[in-house]
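Line by line, the protein sequences give chains F and L. Per my numbering, the very first residue in the first sequence carries number 2; after that it's consecutive. Per my numbering, the very first residue in the second sequence carries number 2; after that it's consecutive.
Derived by calculation from the structure, the hints in this document are not laboratory data. Hints may contain errors.
[Unchecked claim] Restraint ranges, calculated between C-beta atoms of paired labels, are given here:
#, chain 1, residue 1, chain 2, residue 2, range
1, L, E10, F, S306, 17 to 25 angstroms
2, L, T233, F, D270, 33 to 41 angstroms
3, F, V304, L, D13, 52 to 60 angstroms
4, L, R74, F, D229, 52 to 60 angstroms
5, L, Q291, F, D270, 16 to 24 angstroms
6, L, G89, F, T343, 44 to 52 angstroms
7, F, D270, L, A200, 36 to 44 angstroms
8, L, W82, F, Q163, 32 to 40 angstroms
9, L, T233, F, A150, 38 to 46 angstroms
10, L, T233, F, G147, 45 to 53 angstroms
11, F, K154, L, S145, 44 to 52 angstroms
12, F, G147, L, P195, 31 to 39 angstroms
13, F, R183, L, E10, 50 to 58 angstroms
[Said to hold, decoys possible] With the Cβ distance kept under 7 angstroms, some of the chain F side facing chain L (calculated, not the full set):
#, residue
14, F94
15, R122
16, P127
17, V130
18, G135
19, M137
20, E173
21, A214
22, A216
23, G219
24, T336
By construction, the Cβ of each residue, glycine as well, lies at the ideal position given by its N, Cα and C atoms.
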Amino acid sequence: MKSRKRVVTSPVVRSTITPKRQRAGWPLRATNSRGSVSTPGTRSPVRIEPGRGGAPGTAGATTEAPPAPLDLSVDIGRGLVFANPILVASGTFGYGIEYGDVVDVNRIGAICCKGTTLKPRVGNPPPRVTETPGGMLNSIGLQNPGVNAVIEKYAPLWQAWQTKVIVNVAGESVVDYVEVARRLDGVPGVAGIELNISCPNVGKGGLQFAIDASAAGGVTAAVRRVTDLPLLVKLSPNVADVRPIAKAIEDAGADALTAVNTLSGIAVDPGRRRPLLGNVFGGLSGPAIKPVALRIVYETAQVVSIPIVAIGGITELRDVLEYLAVGAVAAQVGTAIFADPTLPVRLVDELADECRRLGLTSHQALIGTALPARRGSGAASAKGVEYRP
Amino acid sequence: MTMRLVSAELVDSREILPDQWLQSFHAPELASGARAGQFVHVRTGDLSGLVLRRPFSFNTADPVTGMITIHFRTVGRGTEWFTRLRPGDRIDVLGPLGRPFEVDPRSRHLLLVAGGLGIAGVRMLADEALRDGRQVVLLFGAASAREVYPSSLLPDEVEYVVATDDGSLGHRGYVTDLVPQYEAWADQAFACGPHPMLAALSRVVAGRRERMGVATLGRKRGGGRSDAFGSTAARRKAFLQVSMEQNMGCAVGACLGCVVMGTNGQPQRVCREGPVFGVDEVAWEGTWSQVLAEAAT
Numbered sequence: 002m003k004s005r006k007r008v009v010t011s012p013v014v015r016s017t018i019t020p021k022r023q024r025a026g027w028p029l030r031a032t033n034s035r036g037s038v039s040t041p042g043t044r045s046p047v048r049i050e051p052g053r054g055g056a057p058g059t060a061g062a063t064t065e066a067p068p069a070p071l072d073l074s075v076d077i078g079r080g081l082v083f084a085n086p087i088l089v090a091s092g093t094f095g096y097g098i099e100y101g102d103v104v105d106v107n108r109i110g111a112i113c114c115k116g117t118t119l120k121p122r123v124g125n126p127p128p129r130v131t132e133t134p135g136g137m138l139n140s141i142g143l144q145n146p147g148v149n150a151v152i153e154k155y156a157p158l159w160q161a162w163q164t165k166v167i168v169n170v171a172g173e174s175v176v177d178y179v180e181v182a183r184r185l186d187g188v189p190g191v192a193g194i195e196l197n198i199s200c201p202n203v204g205k206g207g208l209q210f211a212i213d214a215s216a217a218g219g220v221t222a223a224v225r226r227v228t229d230l231p232l233l234v235k236l237s238p239n240v241a242d243v244r245p246i247a248k249a250i251e252d253a254g255a256d257a258l259t260a261v262n263t264l265s266g267i268a269v270d271p272g273r274r275r276p277l278l279g280n281v282f283g284g285l286s287g288p289a290i291k292p293v294a295l296r297i298v299y300e301t302a303q304v305v306s307i308p309i310v311a312i313g314g315i316t317e318l319r320d321v322l323e324y325l326a327v328g329a330v331a332a333q334v335g336t337a338i339f340a341d342p343t344l345p346v347r348l349v350d351e352l353a354d355e356c357r358r359l360g361l362t363s364h365q366a367l368i369g370t371a372l373p374a375r376r377g378s379g380a381a382s383a384k385g386v387e388y389r390p
Numbered sequence: 002m003t004m005r006l007v008s009a010e011l012v013d014s015r016e017i018l019p020d021q022w023l024q025s026f027h028a029p030e031l032a033s034g035a036r037a038g039q040f041v042h043v044r045t046g047d048l049s050g051l052v053l054r055r056p057f058s059f060n061t062a063d064p065v066t067g068m069i070t071i072h073f074r075t076v077g078r079g080t081e082w083f084t085r086l087r088p089g090d091r092i093d094v095l096g097p098l099g100r101p102f103e104v105d106p107r108s109r110h111l112l113l114v115a116g117g118l119g120i121a122g123v124r125m126l127a128d129e130a131l132r133d134g135r136q137v138v139l140l141f142g143a144a145s146a147r148e149v150y151p152s153s154l155l156p157d158e159v160e161y162v163v164a165t166d167d168g169s170l171g172h173r174g175y176v177t178d179l180v181p182q183y184e185a186w187a188d189q190a191f192a193c194g195p196h197p198m199l200a201a202l203s204r205v206v207a208g209r210r211e212r213m214g215v216a217t218l219g220r221k222r223g224g225g226r227s228d229a230f231g232s233t234a235a236r237r238k239a240f241l242q243v244s245m246e247q248n249m250g251c252a253v254g255a256c257l258g259c260v261v262m263g264t265n266g267q268p269q270r271v272c273r274e275g276p277v278f279g280v281d282e283v284a285w286e287g288t289w290s291q292v293l294a295e296a297a298t
């Protein structure tokens, strides 16, 4: 099967991989899209030198013996390597330019840009956002200038950045997704594609691609056929069981999964006793959804062998560590950026400090520690099935 | 001035009206660069449940003392958190944000129209206008006398005219009723208040040019040249500029949460294209889809 050409049959362990992960027997990503073996020498990890981040506490360490260089890089495959595992989530960071001097984008592992569609979209009527306990609801409705405008206006800027920019792609039909991906393919400055499949599939009566394994796999496979760009697919939490969907997306040739998109919700204006959002329905994000997102990453990590980028309610280093523990290789910060635009860069520094404190040369050892041990490579864990209430 | 993230120290906090607070912060970086109409986005300290910052207009900004003030009503946990701050406490402020009011250099008479808490949006423009030697009339509307903004907090040179819904002070009725009396005197008008008030105001000023007839001869602004939609030049020529409110996420233009529909059929970000808009830029009537359909034809 063409789409499975990258499947790893005998794990080639990278130098940064830890005993814990070896014991877990994960099929580790060791090849890129061309099928060649990825060795540490062929990658270009950005090494964070002691004190470079300017984080409190690191400056003093430079007077003593220099600690081993820290490698926080994350290899997603197909040549996509993040300098560090802290990404910013689609929709919360615009096209990377809006925060201006307040944030140094080049310190972020990668930026997922605003959801992009084939044609320009005006989005939903306001109000579009509202705060909820521990989170917020949004119903922007995919307002964006269309893929051509994104390629012309923003991609040239991205090209000059060290950080990777992943274009989040949305559509109402497989044809839409395929055409957007086709246009993005080969555009300098575009490092990858993240498919937002939580859109209604007009061709299938408005059912979301993300809630149906065959539809999710179908759109992934269709996009895979037209682009060599690294392909991430964003899972929806609004499903009974995410595992068959994640598996279908992996089988269709995705390079990585993003977990998870927002939870569907509504808010009521207490004064008017009517729906608060102009679109009635919104997506819930923020700390309120973290336990749900953790659960989904935990479940997904046990059934797929492609990397998982976690997202959901990250506000501090502890959240990042928790997501790594349940099997994510990287994490996206979203809603918390609104409160603290400097958080992503600070998390990079704090993660580096934490690795040094633990005596690690990489965060890889922190990945998957909370997952149940697997006996044989690829065998599904029984615990993952049993825990469900 | 580009936006910055600064730490501001609370100096004074007062409840000036029932549930309405005026707070002064020492933030010299913001006080020296801010212009009337711009706003700050402030992080609340209660991060357990509050994930969004709160936007506040600059109520005043004094470059000499480095002080800025904000004026707000307590409407929920976020704003209540601010009232518990004590002098010496520090807050995390992102600003200055948004585009300011644009006063035509030739305008001598400025009419400011404020509805309730909308005073917070135009208050600073009075300072700027007086500093530049202009005359200012401030029309203020509230539900009743007990919600009328204290004149002691306004510069002496401002002519202050009040309307109350119940007639307990000043004109009985809406503040927009007062506008026609001043429309010939005023060179430009600037308003902030609830959406229905601003929509009513847009209808009041719509017929102004016709009503004034010959009075506008020789004074027509723009002289046939048309400036780009939403440009600073176009706004400077607008008779009425309004400061809009909307639920806000990032306040820097990234999340597209805080939009109002523009008459060009494009959603306008209150945080970036606004919060000040020329009155002709905003689609006041009709639903979102009606405006879109109209803009398409």
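Exercise. Would you pick out the hints that fail for this structure and give their numbers low to high?
Key: 1, 6, 7, 9, 10, 15, 20, 21, 22, 23
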